[in-house]
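Novice: Based on the provided sequences and hints, a complete structural model is requested.
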Amino acid sequence: MSAQPKSEGTAARVATPSGIEVPLVATRDLAREPDPELPGVFPFTRGIFADGYRGRPWTIRQYSGFGSAEESNQRYRFLLEQGQTGLSVALDLPTQCGYDPDHAMARPEVGKVGVSLFSLSEMETLFEGIDLGAISTSFTINGTAAIIYAMYLAAADKQGVPRARLTGTIQNDILKEYVARGTWIFPVRPSMRLIADSVLYSNEVTPRFNAISIAGAHVRDAGCTAVEEMAYTLANGLAYVDELIRRGGDVAKFARRLSFFFYVHMDLFEEACKFRAGRRLWARLLRERHGVTDEKALHLRFGVVCGGSSLVAAQPYNNIVRVAIENLAAVLGGAQSIFTCAYDEAFQIPTEFSAEIALRTQQIVQHESGVAATVDPLGGSYYVESLTERMEAGMREVMGEIDAYGGVVKAIEEGWLQRRIAVRARQRKDATDRGTRVVVGQNRYRRPAQADSYGEVFRLDPQIAARVLQKHAQVKRGRDAARAARALDTLEAAAATDQENLMPLLVECCHAYATVGEMVERLKRCWGEFQEPVRL
Amino acid sequence: MSAVAKRPLAGKRILVAKPGLDGHDAGAKVIALALRDAGAEVIYTGLRKSPEFIVRVALDEDVAAVGLSILSGSHQELAREVLEGLRAAGVGDIPVFVGGTIPPQDCAALLAAGVRGVFTNDTSLERMIDELARALA
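Chains as they are written, first to last, in the working numbering: chain Y, 39 to 574; chain B, 914 to 1050.
Hint data in this document are derived by calculation from the structure and do not stem from the laboratory.
In this text, all values refer to a predicted model and were calculated from it rather than measured experimentally.
One or more of the hints may lead you astray.
Within a straight-line C-alpha distance of at most 30 Å, the following computed DSS-like cross-link-like pairs (lysine-lysine) qualify [said to hold, decoys possible]:
#1 Y:Lys-514 to Y:Lys-562
#2 B:Lys-962 to Y:Lys-448
#3 Y:Lys-509 to Y:Lys-448
#4 Y:Lys-291 to Y:Lys-334
#5 Y:Lys-196 to Y:Lys-562
#6 B:Lys-962 to Y:Lys-562
#7 Y:Lys-509 to Y:Lys-196
#8 B:Lys-962 to B:Lys-925
#9 B:Lys-962 to Y:Lys-509
#10 Y:Lys-514 to Y:Lys-196
#11 Y:Lys-514 to B:Lys-962
#12 Y:Lys-291 to Y:Lys-448
Specialist: Rendered as structure tokens:
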């Protein structure tokens, strides 16, 4: 493991992690045509805004949340005081999977990977002293996204903030949950309906809110390549477009509010080109397939996360450097919002210390590096333009394979896509074990006898679950029981038919302090649960 | 690689399980595929299984080992519940392994609780299979 391989000669074939050959020197004839494009102009390869980051810097949006609403509220206030410009809420698994904290499956997970938001009471506490009209909030929530969105609206109502002023994002992308992240609840088709309901409702009620963030980050983390990440995500995007049209939406209108979310890994140019190619491909697909001409509707707006599976537990401080490089790739690719992981996320929830370094990394890139001063500084590079072209072609090829299988919904219901990801994960693991994928400190330049310094240890208060349970019982005791029951009955009746938009009913459930578990239970009665195809 | 070629787990039935609500299954699937290539007959539970369910499958399928994949931070509680369940069912001798995102300082506690081995992201598949083969020899 620690043996140093001979340095590779310049004649050896070199490819990007997606398998695209890298030339020793890129020359003019490598790119099919010189690039005549400008940023802000279709097909938006160079960016969706003509003035890039000078017009609006990217949003620095660190993902955090743990334990009870009180603790998370304190962390949010800290981050806002330190200059963070948007909040990103991590929710615990019971909230994400639709269980109340007192459910048997929930017990060991309450407050662990995020905050418990079992009812409106917790949302109110989470944002106490934070003006919902003045911040933008992102929720990484999928299976219960419509419910959490309804709860956010109810919290804004309670604060007296007009709903139309709300800005933020709910992830609300169930398709990738079936493939990689695993917080599905209902079968695919009713889940798609719930998403369409929330997106269409949001377009009317909270026009500045992103009611969906179609995410490639998790399939990427699970093992697929950069090309596949973009291809699967855009394929999912097209499936949502189809469902929204089926539910009566106007693509020229709702497409303006679709947003996306990706990973950035370590190959700087491939990552930057992934965004350039994806931006161009999405605009072209919407134009080709749906005749969209509205420029804003063609924009691929996206947030990114730097870190995740590219972080390494061995010599963890090296991760600070990795995240900085990925941060740079995201900026060179023109991301609208960026989350940088903390160096210790390879093995724990970040401490306040490590979270601050992750935040400062972005501020250093934004204010000191100079890369944000000109739009798409890589544009016109022979290598970058040719790699962008090849990646776009690769993405189209992968999307063609999904189409040939019968579309993304069928591919997920039958476990075909899940299997492809598992095979890729295996390949990545083998490449890491063999050392053909170099991971510094782990499979190369490792000091075997080294006792790693892991820094400060994050300790979750062991009493959190007990406190959350107590609050849950108290909220259920204290609420107007008749109003809650009535709201839940109305929700269930409407869910049983495919007609009514469920969002107003969910908002009323939240106002009545019905719990996430209660709402999910009613919907399960109508729709059943997803049966995972376990095919290896 | 040589260990895989020799199929050191031939004839062994191994349960790969996802206890709790954690939805990250890439690792569990990689392990399942690698165990199968090493000759084992692998039963994979799929996501979101209770410790009781996992114990029941371990009994019904008469497995030689149980692997638990946990990335949500709930490894102490969930591993303990599975171990207790196996002991209560009279099969406390079935070795249980844990894999996932396990903070370094938690490994000793898991081993002390009766877990036979802990594998993290940087454990090579070859080493994991060697360790299993030794435990099941």
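Novice: Work down the list of hints and note, for each, if the structure agrees.
Specialist: Outcome of the hint check:
With a CA separation close to 21 Å, the supplied pair Lys-514 (chain Y) and Lys-562 (chain Y) stays within the 30 Å bound. With a C-alpha separation of about 25 Å, the suggested pair Lys-962 (chain B) and Lys-448 (chain Y) falls inside the 30 Å cut-off, and the hint holds. Between Lys-509 (chain Y) and Lys-448 (chain Y), the direct Cα distance comes to roughly 42 Å. Violation of the 30 Å bound is thereby established for this hinted pair. A C-alpha spacing of about 9 Å is found between Lys-291 (chain Y) and Lys-334 (chain Y), which places the hinted pair at or below 30 Å, so the restraint holds.
This hinted pair checks out: Lys-196 (chain Y) and Lys-562 (chain Y) have alpha carbons roughly 29 Å apart, not beyond 30 Å. A hinted pair counts as satisfied when its Cα atoms are at most 30 Å apart, and Lys-962 (chain B) with Lys-562 (chain Y) qualifies at roughly 18 Å. Among the hinted pairs, Lys-509 (chain Y) with Lys-196 (chain Y) is consistent with the structure: their alpha-carbon atoms are about 19 Å apart, no more than 30 Å. A distance of roughly 22 Å separates the Cα atoms of Lys-962 (chain B) and Lys-925 (chain B); the hinted pair therefore holds under the 30 Å criterion.
Between Lys-962 (chain B) and Lys-509 (chain Y) the CA atoms are separated by roughly 27 Å; this keeps the pair inside 30 Å, and the hint holds. The hinted pair formed by Lys-514 (chain Y) and Lys-196 (chain Y) meets the criterion: a straight-line CA distance of about 19 Å does not exceed 30 Å. For the given pair, Lys-514 (chain Y) sits about 27 Å from Lys-962 (chain B) by alpha-carbon distance, which is consistent with the 30 Å threshold. A threshold of 30 Å between alpha carbons decides the hint, and for Lys-291 (chain Y) with Lys-448 (chain Y) the separation of about 27 Å falls inside it, so the pair holds.
Checked against the numbered hints given earlier, the structure breaks only hint 3 and satisfies all the rest.
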